[in-house]
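Starting from the known structure of chain A, arrange chain B on it as the hints suggest.
Taken in order, these protein sequences are the chains called A and B.
Sequential numbering from 8 applies to the first sequence in the working numbering.
Sequential numbering from 8 applies to the second sequence in the working numbering.
Worth flagging that the hints you see were computed from the coordinates, not collected in a lab.
Glycine included, every Cβ here is placed at the ideal spot set by N, Cα and C.
Mixed in with the good hints there might be a few duds.
Said to hold, decoys possible - List time: in silico DSS-like cross-link candidates among lysine-lysine, alpha-carbon distance up to 27 Å:
1) A:Lys-64 / B:Lys-64
2) A:Lys-10 / B:Lys-64
3) A:Lys-99 / B:Lys-404
4) B:Lys-10 / A:Lys-64
Stated by the list, open to error - Chain B residues, not near chain A, derived (Cβ > 10 Å throughout):
5) Ile-31
6) Lys-99
7) Tyr-241
8) Tyr-253
9) Ser-254
10) Thr-349
11) Glu-393
12) Thr-406
13) Glu-446
14) Ile-461
Protein chains: 2
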Amino acid sequence: MEKLEALFDHITARVNVNLKPMGIDVRNLLKNAIPRERHLQYYAFYALTEDHPISFKFTHSNLAGTYMLGKTQVDRSVLYKSDVRGDELKRKGDVVEFNGVKTKLFYDEVIRIINSFLCKTLVHNHSKNPEVPEVFRILNTVAMHYSNIHGTTTEGVYLGPFSTVDLSVMHNCVVGDYSYVQAGDLSRQTIEPGRVWVKANGLFEFNYVYPEGVVEQYVKLDENGKLSGKFIDYVDEFKEDFVPIYSTVQLEQMHGNEAEGSYVSPYAVIKGDCTIGKNALIAQRAHIENSSIGEGANAQENCYIKNSTYEGGNVTAHGGKVINTTSGRNVFVGFNSFVHGTDENRITIGRDSIIMPHTIIDAVEPITIPENSAVWGYVTKQADLETQSVNLDDLAKATDVKLGNATFKGDGKAFVDAFRHRIQHILEENGAFYDGTDETRGHAQKTQDACFNILQPFQSGPDAGMYPAMTIGG
Amino acid sequence: MEKLEALFDHITARVNVNLKPMGIDVRNLLKNAIPRERHLQYYAFYALTEDHPISFKFTHSNLAGTYMLGKTQVDRSVLYKSDVRGDELKRKGDVVEFNGVKTKLFYDEVIRIINSFLCKTLVHNHSKNPEVPEVFRILNTVAMHYSNIHGTTTEGVYLGPFSTVDLSVMHNCVVGDYSYVQAGDLSRQTIEPGRVWVKANGLFEFNYVYPEGVVEQYVKLDENGKLSGKFIDYVDEFKEDFVPIYSTVQLEQMHGNEAEGSYVSPYAVIKGDCTIGKNALIAQRAHIENSSIGEGANAQENCYIKNSTYEGGNVTAHGGKVINTTSGRNVFVGFNSFVHGTDENRITIGRDSIIMPHTIIDAVEPITIPENSAVWGYVTKQADLETQSVNLDDLAKATDVKLGNATFKGDGKAFVDAFRHRIQHILEENGAFYDGTDETRGHAQKTQDACFNILQPFQSGPDAGMYPAMTIGG
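Isolated chain A (complex conformation) (with noise of 0.2 Å):
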């Protein structure tokens, strides 16, 4: 393994050379954080399908029991479980603007993966960087347990456990754990662990931070990377479901009996008693038990959904955990979410809400969300929404608002269109509103013929956990 060995050192001098003087210093995580011999175990799976550019290289790296798709290179990076979904990667030709300055892709976008540590990673969408709109660049990162690299350039950044960054670029920057950050273009700067920070320039910004010694009971990160709390506890109790459809060639589709036009990925795990409807889409890595996927919906990765109802256009936003719960049409679910009701105290989310990015709600009683609510932060109780809830009509009049640990200023309406206008643009993209035409197809349809290439490391002598270089197309 010395080889991996070397690699590990190589990204630990990369990241820390950047980090250090933010106080960062990973090589302990990396040394600990996942047992060596367990790069050796999992295989990665590269997706084919006609919809998406086959373009697949890489070299020097290990990437044990991680998914592709799409125009990917990955060079001198250790990917652990990860999944990197190129299905959103701009094409060459899309013209695209930045501050008012338009300018047209000269070739396919890819997702360039160097010098970097992803660990149960997802990395979606597309890059938002003037720069080189060709490229999404993940350059000398390390990003832990079940973090989000979400349309984010990420360039000498740390990632704690289930932090999310989102649309933005990044540079020299470290991320707390829980941390959700889509704020545009940011340089040195530390985000303290819970905070949930939403801004366009110029047009508004919100925030808000968990009160002291909350994040803590869900995650915590100890020094030598090992993970606690309840949402690894919590995911942990279905590891084993994933057990028998990793190890099993998947030549064809696992789940049968699907509704027109949905899709559900032969990784994902469908449970108990479970309905998917028309136009769905549930992804690789999400968790499905007991509950109902109303026409439209979808579940992303790392989505655990338990004894619960989705009425129908629903979106459950990569992490999203959402148990006993009843949710009604159009509800949003944002990155890393904890909604946990139990079988005594459900949880009722009227229609056109927003459960914002991040936000826990785990109920000691039953909790009912009005409709067209966006609800953020740490509920618990029923009481708990008179700070941390806005009627989505209310805010879109407001300007200035403070309620609670959140604070939102500008202007509300451009904040709520924004968010509507980003679910819808996510349902659009997932293939909700398929009718059979070519223009409606979205990912739910696009990979309905995937398949899979499975690629494994060497097991011994000096290679031993390096893959092989490989390049797959063009």
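Only chain B this time, still in chain A's reference frame:
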């Protein structure tokens, strides 16, 4: 499937342009032999080990169900459930001798398959072609079911089902069903069905032709590529046993408890009560049932061994079938031989005996083959051995011999020595004499830690059935 169809047309044209003057038209064979949809159903697998150069490139091809190891290139070809085993290729710096002239290899030898269709074909060993010793070339070639291309350059060659071309160079040749040819440099020759022909220029020549009507009972290919006869009937009985093996991702050894130094491919079937001895090798696609495989013995691709005992040091060449047989030490069973005893009519083979390639022993009474014999041809009763076997010491003293349908001309000692040398070499190559030292390591030891990249074709659209271009390794 337009591209796959065009690929078949391309191969047809390239082969026909060479072979039509020889009276061969492969159009209907290629059109009908394998239903098109099967080319989408089966995955290809490429083995990774520390001991073989990782260098694999394919373009514009279908590789359904094909296994590959070592340095291989495939272009504009269809490889259906074939085995391309590059573990005996020559290496950079090796010195080879042709007609007394020595030359040194300037790079690792590569198997290069272009414009060809191989169906359940075994490609193994290394090329004997002085033109470019670095390239084992298979060009404009159609090889039908269970044929063997063993150390033979083929350019514009048709191989009938269950035929073997061994250690030769062939240019525009037609090899009949179940023919075996090891005859140096051949051009524009048609080898009749059921001929066994071993020739070393200026030294010796062995010739045997099956009596009329026999080969057709065992192998028959109609003009549409439909195969019938006792061989395929026998093999098809065991088809289902391979299904679970191919539907599992092999992350570790399936078969535990093998003796030290032995290797059982995870893609082999071990069924019923079997023992596998020290340093034994069971290759992928071998099927072993209720049998004891002694120390250092081996079973190559497409071997079927049932209710049999191997005392040790036994070689079963590619496609050899041994049923209800007791086989003494160091017995050799050649390519595609069918040693078919029954419960009542067992076959016993004495130690050091050689069952020549393409021998059929289909017992209607118990048959005992004395030790140190060579056996060939078509044997159903003990008395048949009178004209179809010879004591090897006697042969070593003989020059010209005619026995039944067989003729032997030339130096008997050279013939016997060549065979003995080859068997010894096969055992060495397979690691039968492994004693823990590097010098004695062979295939059984070198493939211990193999793992497999699993490659799939596009499932829909015009690309359906085509594998995306791929490069693995240097």
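**OP:** Check each numbered hint from earlier against the structure, then list the numbers of those it violates in ascending order.
**Re:** The structure conflicts with hints 3, 8, 9 and 14, although it agrees with all the remaining ones.
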